[in-house]
Amino acid sequence: MSLADARAHVPELIAVPHDPVADHAWIDRLALGCHRYTPLVALDAPDGLILDIAGAAHLFDDEAGLIDDAETRLSRLGMTVRHAAGPTADAARALARYQSRPAPDEVQAVRRLPVAALELEPEATTALIRAGLKTIGDLASRPMANIAARFGGDATTALRRILGDAPSPLDPRIAPFPIMAERRFAEPLGSTAHATKVLAELIAETGEDMLERGKGGRHFRATFFRSDGLARSIDVETGHATRDTGLVMRLFAERMDGLADPLDPGFGFDMIRLAVPRLDRLGATQLRLEGGEARASDRGAAMDELVDRMTIRLGRKRVRRLHAESTHIPEQAQLALPALDAPPPQPWTMPDPGEPPTRPFHLFDPPQPIEVIAEVPDGPPHQFRWRRATHAVRRYEGPERIAPEWWRRRDNGGLTRDYYRVEDVQGRRFWLFRHGLYDEKPDPRWYIHGVFA
Amino acid sequence: MRESSSPLAGLRKQIARLAADGGPASRPAEGRLASGHAGFDAAIGGGLMTGKAHEFFAADALDGTCAAAFAALLALRTPGKAPLIWLRTADAANRTGHIYAPGIAELGGDPDRLLLVETPDPRMLLACANDAIRCAGSAAVIVESWGKFPLLDLTAGRRLVLGARDAGTTLLMLRLNAAPTPSVAETRWSVAPAASHMLAADAPGAPAFDLELLRWRAGPAGGRWRLDWNHDDKSFGHRLGETPLPGPLLSLPARRTLPAHGAAAA
Chain C
1 MSLADARAHV PELIAVPHDP VADHAWIDRL ALGCHRYTPL VALDAPDGLI
51 LDIAGAAHLF DDEAGLIDDA ETRLSRLGMT VRHAAGPTAD AARALARYQS
101 RPAPDEVQAV RRLPVAALEL EPEATTALIR AGLKTIGDLA SRPMANIAAR
151 FGGDATTALR RILGDAPSPL DPRIAPFPIM AERRFAEPLG STAHATKVLA
201 ELIAETGEDM LERGKGGRHF RATFFRSDGL ARSIDVETGH ATRDTGLVMR
251 LFAERMDGLA DPLDPGFGFD MIRLAVPRLD RLGATQLRLE GGEARASDRG
301 AAMDELVDRM TIRLGRKRVR RLHAESTHIP EQAQLALPAL DAPPPQPWTM
351 PDPGEPPTRP FHLFDPPQPI EVIAEVPDGP PHQFRWRRAT HAVRRYEGPE
401 RIAPEWWRRR DNGGLTRDYY RVEDVQGRRF WLFRHGLYDE KPDPRWYIHG
451 VFA
Chain A
454 MRESSSPLAG LRKQIARLAA DGGPASRPAE GRLASGHAGF DAAIGGGLMT
504 GKAHEFFAAD ALDGTCAAAF AALLALRTPG KAPLIWLRTA DAANRTGHIY
554 APGIAELGGD PDRLLLVETP DPRMLLACAN DAIRCAGSAA VIVESWGKFP
604 LLDLTAGRRL VLGARDAGTT LLMLRLNAAP TPSVAETRWS VAPAASHMLA
654 ADAPGAPAFD LELLRWRAGP AGGRWRLDWN HDDKSFGHRL GETPLPGPLL
704 SLPARRTLPA HGAAAA
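Those protein sequences? They're chains C and A, same order as listed. Quick note: the numbering used here has the first sequence finishing at residue 453, numbered continuously throughout. Quick note: the numbering used here has the second sequence finishing at residue 719, numbered continuously throughout.
In case anyone wonders, no lab produced these hints; they're calculated from the structure. For glycine and all other residues, C-beta sits at the position ideal for the given N, C-alpha and C. Heads up, a few of these hints could be off.
If the Cβ cut is set under 10 Å, some of the chain A residues that face chain C in the computed set are [as the list claims (entries may be wrong)]:
hint, residue
1, P536
2, Y553
3, G556
4, G561
5, P573
6, R587
7, M651
8, L652
9, D655
Looking at chain C on its own, in the form it has when it is part of the complex (with noise of 0.2 Å):
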């Protein structure tokens, strides 16, 4: 039916175009508020939750009471909620979805459930049912044998999953951490700075655990769940390794006033997770003589921990040092990687004894192009016109002539660049080149690609 035919019959219709990219978002933000009923969260796109509650139901007294709870909250935020509890994942994933005459038992229920359940290609299921075969239980009464060599690999195995004959993992949302620690609230916590200061408590239990195995995080995430259902995780990382809970909290105070659109407890929290999703080896330290902690290394520590809230306040890419790339390329001779998990520090180049930098000071990347009058076609610069300013050249020392790397792309890697570095008459020095060659390129163009100091 097109959507004037469909308009015609009901006029109050409300349309909306199809968003899948928002649908999954939802759907993300709806798994993650189930993360309260257990760590293991799968998503069954595009519109289903699997959740594995083997060992957890116990905290809603059982299966059923967790059930209602999370019922009562989906529906809460509008959400109409089937749903089904199986031996395994595939079990309740056909049950909540094909499931339409009761049953006493779930073994029952499963056989009852319709071959559409098997979720096999159209023509398959139509043959199933043309053959007789309406229901699972009529189809696991035939020889496993005769259902693969009619239908395939793909329906034996469907079939094992659903009766809990073969396994059927589960894709988690987040794979489990193994350090984390939550508090569950009676009352719902309607301030963030009582949620805080849990969450400081959490830090503390969470370093006992670690002190344990001797590890530290690099990473935490909190994960504030309210009561309606919602959940909102708030991330750090850390440079080294810590267990110190005032460090750490630093940072999520940190976090927490960049963010652009704040913590809000709603109606309240009703529970705060923890989790360490990256440990680093940590080993105990060593006490100071008059007690406290050694502080030898204090130093290196504020700097640390400068690092860590800078990247916090200002993002991983604003923070950065510098690293070494082996290449004659002069842009790409260096790397700014992020210093919060900068990798060991490569040799620099070092100057020739006696001689004067041939490298610049600053370098411009992209290149800016420039206006040259030099002597000769291929000859030094002789004035050069940058930024709206002319520049008489006094001095110059050249060509160093790169060549591009012919070995890393299909068109040889452009063209040569002869490199001059020159001395304006006012003592300032630039980094100029010429893109191509004369017998490469008829007219080449100018660059200045660094100033010196």
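Dock chain A against the given chain C, drawing on the hints supplied.
Chain A in isolation, oriented as in the chain C frame:
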């Protein structure tokens, strides 16, 4: 009882003091950033004082590299591995160019000591500068700004200076394309490039700087120096390839005024 415990208490106090400042090795050398140029250092009492703020003005927009290099070299001259924190706004790379580590390595500095921080705007630059300056253990904090920088008023400057004093860090303010305004800095310099000493075949030589002391809180201003960087002995003492004088053959005046370089001379 008293007699036996007091030497113990004294020792404890001594240990606490040693532990508090990290031992003698970590203390900055005499609290000065020296250039290695005898005349220059002597004229300002041994170098730029640590725990203070110093301003470097580049009169012309094109001289920004020169001022930046001078400040960086002064900080990277200090021995050890203490990081040099360099704060700039994100648009600085388009104006003065990216800080180029191979160039710094060729000048004899260690680029691994650099910690680059780019901020989205000048307000954040100031906030991060306040944080960085309060973090002890850096060789220096360079704050690079472009243009007038009205946010850096006397109050903001005073806050930075107090932070530097408490943590014992040194603040090097790079004021590119800006004219000097009243500030709380200890010294204020105008930096411009000087014509280098020519090498064979008319090639440009090692970096040369033309420095003018515009203001000095602890003494008279107005000196002008020409400093040549020598990356072999990492100092501004004497220029590259020139052997130092064997003894005190020439008496160098404490402060000398060179004739104008650059445009005026040309």
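Results of checking the hints against the structure:
1. At its closest, the beta carbon of P536/A sits 6 Å from a beta carbon of chain C; the interface hint therefore holds under the 10 Å criterion.
2. For Y553/A, the interface hint holds, the least distance from its beta-carbon to any beta-carbon of chain C being 4 Å, beneath 10 Å.
3. For the restraint placing G556/A at the interface with chain C, the shortest Cβ-Cβ distance is roughly 4 Å, inside the 10 Å limit, so the hint holds.
4. For the restraint placing G561/A at the interface with chain C, the shortest Cβ-Cβ distance is roughly 6 Å, inside the 10 Å limit, so the hint holds.
5. Hint on P573/A holds. Least Cβ distance to chain C is approximately 7 Å, under the 10 Å limit.
6. Given hint, R587/A at the interface with chain C, holds; its Cβ is 9 Å from that chain's nearest Cβ, closer than 10 Å.
7. Taking 10 Å as the C-beta contact cut-off toward chain C, the hint placing M651/A at the interface holds, the least distance being around 6 Å.
8. Interface restraint check: L652/A against chain C, minimum CB-CB distance 7 Å, threshold 10 Å, status holds.
9. Checking D655/A against chain C by beta carbon gives a least distance of about 5 Å; that is within 10 Å, so the hint holds.
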